[in-house]
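Asks: Here's the letter readout for the chains.
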Amino acid sequence: MLKSLNYTNRLEIPSSLIEAKIEKIGSEWQLNILYDFKSLELDPNWSVVMDIFVPGTTESRRYSLAGIAITEPGKLFDLSDMINPADSKLRIKVVDSSGGPRIIKAQIDDYVPISDVSNDNSRSLLPIKPGIGMISPWSLKFVKGVPTLYITDKGDLYNSLRSKVKAAWFYPVIMHDVFRQIFEWLSLLDGYENEKVAEKWKKLFIEIYGCPGDFFETINDKDDIEKLEEILSQGRLISDEVSRQKMHVEKIISLLEKDGD
Amino acid sequence: MKIQLRAFNIIGNEAFTEIMQNQSDNMFEEVSKLVKDDSKTTKFDAEIDLKPFTSRYELGAYLWNYFHSNKIANLNNLGDTNLWNWLAASWMQTLVNADQRKDLSQKIGRFERWVLTEGVRRYHWHVVSNPFFIYSNNLDEPEKAIALLATDVLKPGDLVDKIASNRRYQKPPISHLATLLYYDLEKKQLRPGHTSRSGEGNQLSKYLNQIDRTVDFEGLSVEDLVELLPDNFSEWVGYAKKELALSAKKKGKSAN
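Top line first, the protein sequences correspond to chains Y and B.
The numbering of the first sequence is numbering that gives the first Met the number 0, which starts it at 0 and goes up by one.
The numbering of the second sequence is numbering that gives the first Met the number 0, which starts it at 0 and goes up by one.
These aren't lab readings, by the way, just hints derived from the structure by calculation.
The reader is advised that the hints may include incorrect statements.
The calculated lysine-lysine pairs, modelled on DSS-like cross-linking and capped at a C-alpha distance of 27 angstroms, are [as the list claims (entries may be wrong)]:
(1) Y:Lys140 <-> Y:Lys23
(2) B:Lys205 <-> B:Lys249
(3) Y:Lys250 <-> B:Lys205
(4) Y:Lys20 <-> Y:Lys153
(5) B:Lys50 <-> B:Lys187
(6) Y:Lys195 <-> Y:Lys221
(7) B:Lys250 <-> B:Lys186
(8) B:Lys35 <-> Y:Lys202
(9) Y:Lys104 <-> Y:Lys37
(10) B:Lys42 <-> Y:Lys199
(11) Y:Lys221 <-> Y:Lys202
(12) Y:Lys202 <-> B:Lys32
(13) B:Lys42 <-> Y:Lys202
(14) Y:Lys245 <-> B:Lys32
(15) Y:Lys201 <-> B:Lys42
(16) B:Lys35 <-> Y:Lys201
(17) B:Lys248 <-> Y:Lys245
(18) Y:Lys250 <-> Y:Lys202
(19) B:Lys32 <-> B:Lys42
(20) B:Lys101 <-> Y:Lys195
(21) B:Lys250 <-> B:Lys187
(22) B:Lys32 <-> Y:Lys201
(23) B:Lys35 <-> Y:Lys199
(24) Y:Lys23 <-> B:Lys70
(25) Y:Lys199 <-> B:Lys205
(26) B:Lys205 <-> Y:Lys104
(27) B:Lys252 <-> B:Lys143
(28) Y:Lys245 <-> Y:Lys199
(29) B:Lys42 <-> Y:Lys23
(30) Y:Lys140 <-> Y:Lys226
(31) Y:Lys195 <-> B:Lys35
(32) B:Lys154 <-> B:Lys101
(33) Y:Lys226 <-> Y:Lys201
(34) Y:Lys88 <-> B:Lys205
(35) Y:Lys202 <-> Y:Lys140
(36) Y:Lys88 <-> Y:Lys128
(37) B:Lys249 <-> B:Lys187
(38) B:Lys252 <-> B:Lys241
(39) Y:Lys143 <-> Y:Lys199
(40) Y:Lys128 <-> Y:Lys143
Computed from a predicted model, the values in this text were never measured in an experiment.
Construct the complete structure from the given sequences, taking the supplied hints into account.
Replies: So this is what it looks like as structure tokens:
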């Protein structure tokens, strides 16, 4: 069991005291941040440092911030030369830098800035977004023709579950079913709101996950009941193939074994 | 030999992952075909010379100079796994040939050494991208991170595994601390016992992890960090202090 010790009366900074947004303006990536920690009654002489990092990668930048509060219009940071800036998270520390070993007096870790952009790489084929007030832990929705995985924001689950590090079990548990739902959605529709994304998914199912090459062309020639049966049956095969290739069962077993150590 | 720079597309990336997971007898042929397959790759308007490298430092420096002296249109960003995996796939045969060991399975190893896998446990295993990332993260003085770049491309070793697995340890001041503790600048090699004796690399990583919530160690000077290490590091702290004294002496001389 993970235990967290706190011998230095370190405060956890509530995320509600921070507003941070990542935007892509032309080819430039910018982080705008404002915060106000005055209510935490911290020593105004302590320094504030911010680490911008991309989980699961080597990317990490460190900046000094100007004091206990930054108010409107905030402070801008240029992230253009960062790797995967859209996936950045923040760690902010208030540090007693008056001499000695820089004791952390208050901090917040894994803060996710608001971002309406995602990198145009393989991961954006399935964007992951917070489901505001969602009752279910996760849900797949099709937003303007793009399959999008929503994770509820309740209890900070979005931040916890989207992290493949914090919740290594989450993706092996759900992903086969996410793929099955996407496959059924693709097969049942006659036309697509986003042809480009639909074609990418079809190609993925055919070339990687064993879907017959002419499946999407021939499925509409069948009568409704036969069509539905074939889609459901092929969807189950796809689901199994995703689990087999991604070794989902093996990963879950391995995680459970580690947990039992 | 110069070839056109490409990146895998999602299909190519999945296919490469599968090849590396299976590692069949035809692996090199399959990879060689895949990296040139127009339907599974995206081409860039640039060429890259995939020279043979054994040194992680030289590979990191070469890649950094390549990406920063060539303006490559349409290249998303340097964190694109599809780019790194295509580079690893294209370079594989050359890197394997440059490694003097006889056992092919040792040279290839687990698939995550070739397929960039996000997550703290495996991201740093990638034999092509990791030297580049470490070099980039220590760009002001890459030689101060030599402990993390001193080994062979296909045999990065335990110190890389324990220290470079954490994004905050692979840049200053921790990368410099690791060099002062575990690298013999005179003999130009890692000190004996850097993975086995008391205070070795894994213990450094664990110690920093223990104090991470309490001490902002990334903001400390390397001299302060050396003082912060507990007694079980005494052997290595001795080496580090010697190196720091030598460096101060050299600086003093050059200032005079």
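Asks: Broken hints, numbered, in rising order?
Replies: Of the numbered hints, 2, 17, 20, 25 do not hold.
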